[in-house]
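Heads up: the protein sequence lines correspond to chains G and B, in order. Be aware that the first sequence starts at 1, since it is given in the working numbering, and climbs by one per residue. Be aware that the second sequence starts at 1, since it is given in the working numbering, and climbs by one per residue.
The following residues of chain G were derived to be distant from chain B, with all beta-carbon distances above 10 Å: (1) Glu-65; (2) Glu-67; (3) Ser-255.
Simulated DEER-style distance windows between Cβ atoms: (4) Val-33/G - Lys-133/B: 34 to 42 Å; (5) Leu-171/B - Phe-5/G: 34 to 42 Å; (6) Val-33/G - Phe-14/B: 54 to 62 Å; (7) Thr-8/G - Val-137/B: 15 to 23 Å.
None of these hints come from the bench; they were simulated from the model. Cβ atoms here follow ideal geometry from the backbone N, Cα and C, with glycine treated the same way.
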Amino acid sequence: MDSKFIKTIKWLGLGFLEPLINLFQGKETDKNVRLVLRQIIAPVLSVFIFLGVCNFGASYLYNIEKERKIEKTRADQGGAAAEEMERCIDSGEASCKPNSLPSPGDVKEGAKALWADHKKISESKKAFKNKTAKINAQRKASGLEPIKYTGRPSFVDQIKTSLKTVFAGFLLAAFLAIPAGIVLGLSETLRSSLNWIIQILKPVSPVVWLLLVSMVIKTVLANSDSDKSFIISFISVGFCSMWATLVNTTMGVSSVDKDFLNVSKVLRLGVFSNVFKVILPASIPMIFTGLRITLSVSWMVLIAIELLAQSPGLGSFVWEEFQNGASNSNAKIIVAMFVIGFIGFMLDRIMMIIQKLVSFDNN
Amino acid sequence: MAAFLELNNVSKAFGEGANRVEVLKNINLKIEESEFVAIVGFTGSGKTTLISLIAGLIEPDEGEILLNGKPIKGPGPDRGVVFQNYSLLPWLSVQGNVELAVKKVFPQLNKEEREEHIRKYISMVNLSSALQKRPKVLSGGMRQRVSVARALAMDPQILLLDEPLSALDALTRGSLQVEIERIWSDSKKTVMLITNDVDEGILLADRVIPLTPGPRATLEQVFNIGFSRPRDKALINADPNFKKERNAILSYLHKVGKQRSDQETLNIQLPDLKPQLVNRKLPF
Ligand SMILES: Nc1ncnc2c1ncn2[C@@H]1O[C@H](COP(=O)(O)OP(=O)(O)OP(=O)(O)O)[C@@H](O)[C@H]1O
Ligand SMILES: [Mg+2]
Chain G
1 MDSKFIKTIK WLGLGFLEPL INLFQGKETD KNVRLVLRQI IAPVLSVFIF
51 LGVCNFGASY LYNIEKERKI EKTRADQGGA AAEEMERCID SGEASCKPNS
101 LPSPGDVKEG AKALWADHKK ISESKKAFKN KTAKINAQRK ASGLEPIKYT
151 GRPSFVDQIK TSLKTVFAGF LLAAFLAIPA GIVLGLSETL RSSLNWIIQI
201 LKPVSPVVWL LLVSMVIKTV LANSDSDKSF IISFISVGFC SMWATLVNTT
251 MGVSSVDKDF LNVSKVLRLG VFSNVFKVIL PASIPMIFTG LRITLSVSWM
301 VLIAIELLAQ SPGLGSFVWE EFQNGASNSN AKIIVAMFVI GFIGFMLDRI
351 MMIIQKLVSF DNN
Chain B
1 MAAFLELNNV SKAFGEGANR VEVLKNINLK IEESEFVAIV GFTGSGKTTL
51 ISLIAGLIEP DEGEILLNGK PIKGPGPDRG VVFQNYSLLP WLSVQGNVEL
101 AVKKVFPQLN KEEREEHIRK YISMVNLSSA LQKRPKVLSG GMRQRVSVAR
151 ALAMDPQILL LDEPLSALDA LTRGSLQVEI ERIWSDSKKT VMLITNDVDE
201 GILLADRVIP LTPGPRATLE QVFNIGFSRP RDKALINADP NFKKERNAIL
251 SYLHKVGKQR SDQETLNIQL PDLKPQLVNR KLPF
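Using the sequences and the hints given, assemble the complete structure.
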């Protein structure tokens, strides 16, 4: 049972916990102590060192910024105002806080503020829902659109929106790239005739894709009342990120082991069976490697695209905070950075697990 | 009357220009229906190339290959092949691998009939206990047996066996040799067996035909094996004729091998080494 447990843990990518479990069971103490030191204690230590360095850097920058602010006040308004400013800064008053890199403590406060804000907004959403429940039921009965909550989205709402966009973009990429990759992989003629366009489009920046997509969407959906900014951003995400899957699928399909193809030939399988029973299963590992890259790229470009497209989500959250310039804006941006990083990491892990599930060669 | 399988002046070369290697040259071979023919030869002489030609996976540069008097056009399930490297599909179970073939060749069977058919052939190679296992977890010999079962389950007109027993231990090998002879005599299928084991050829085949060493390998001499059937390995081993046949074939192989190596310049065999990462995983 224990070995099964450890296997599951490893399978989830948590293999670093294995020595700790072994240690608790008193197995091979010496070896496991060393492993625990290396695999658990050392990483935890590195977190503290990281926080320390951040703290040091932040306070260093803070002091420079503080001096500058005081000097500037002295130059503009004279000595008394400068002393007043210094006192104000030291008292921690939010209004005269120097605008610099936030310290880990500030970031923690920022995270708390975001959470409190989220709670408040969900409260008011709930209240709104209760209030409008009756009216909305009536409106629905008479075939009208229900009244929607139009207040400011919370940080958590932004995360949800971003995830929605990234999944839409990822699905679009998969739906375009996998079939196209299969067709290209099967036909050498198509492959060599379309190679140039792939090679040219692959390195195009997300920004350009966004502009291109919005040019098209603006015209196509001119008279529709659908959520244009969402459509534009997910399509751009899809176009930016599909290339890894396209190239990998093409590679996978065109380089299927000759032995497998010989089996298919000897059995004289039809095109359909050949593709679905031999070629596709053989290329699944490659396709999934491509999909995994696609998902990471989607998540990465999404932030930039949301920022530019003004579509709701983490990207626009970061941009709004940056422009907002409130005393804890910088801290919130750093919180968003870690949330973005963590979600990206989780997405990659999920893809890795799916890849293990469906691949024949590594389970 | 034309033979069942006929190869007329078949030649095959690989590569272009300076890298061109003439692997097979002027192969002539006639195999009658229900005959059991063994081809023995040195490694790298072109045995697999010969099988691939007959299977239709590659085309001859010169000459023609006739099956039932008609030139073969590409591969087909009428010729069951047991590939030297098993060629099992790793994402399918043992049953799935055989099923792929059975489904294609016997589309008229319903699910139960098909499963029974599959089980029959899998139990014939003693793999009933591994029915649901993936090839990856099987030993080399077990994989080879799956490959044999797949070819047999197709009920082909001719079985092309490319060193089907070479990965097996002597005991399993012996019992599968018995199986192969039994299957052959029950079904009266034509069998072409590639082997590097002269004893195996003598034990099983009506004719043993050595392939001369490559390049430009060809079939020159035929050894007819007259032992009565069914053959018993122990009895045959004790038979003085067996020793005679065996020595005749071996000294022939030795002679053509020596001729060849006299012609060849020194050939240094490099060890087949690959760098390996032992117990190391990529960190990401
Ligand atoms: N597709 C190919 N392209 C180029 N050369 C090839 C190809 N297939 C085989 N050869 C060459 O043809 C020669 C014969 O190969 P083949 O695989 O037929 O030998 P074999 O008799 O089956 O050897 P073994 O007993 O080791 O299986 C070898 O020198 C090999 O390098
Ligand atoms: Mg071979």
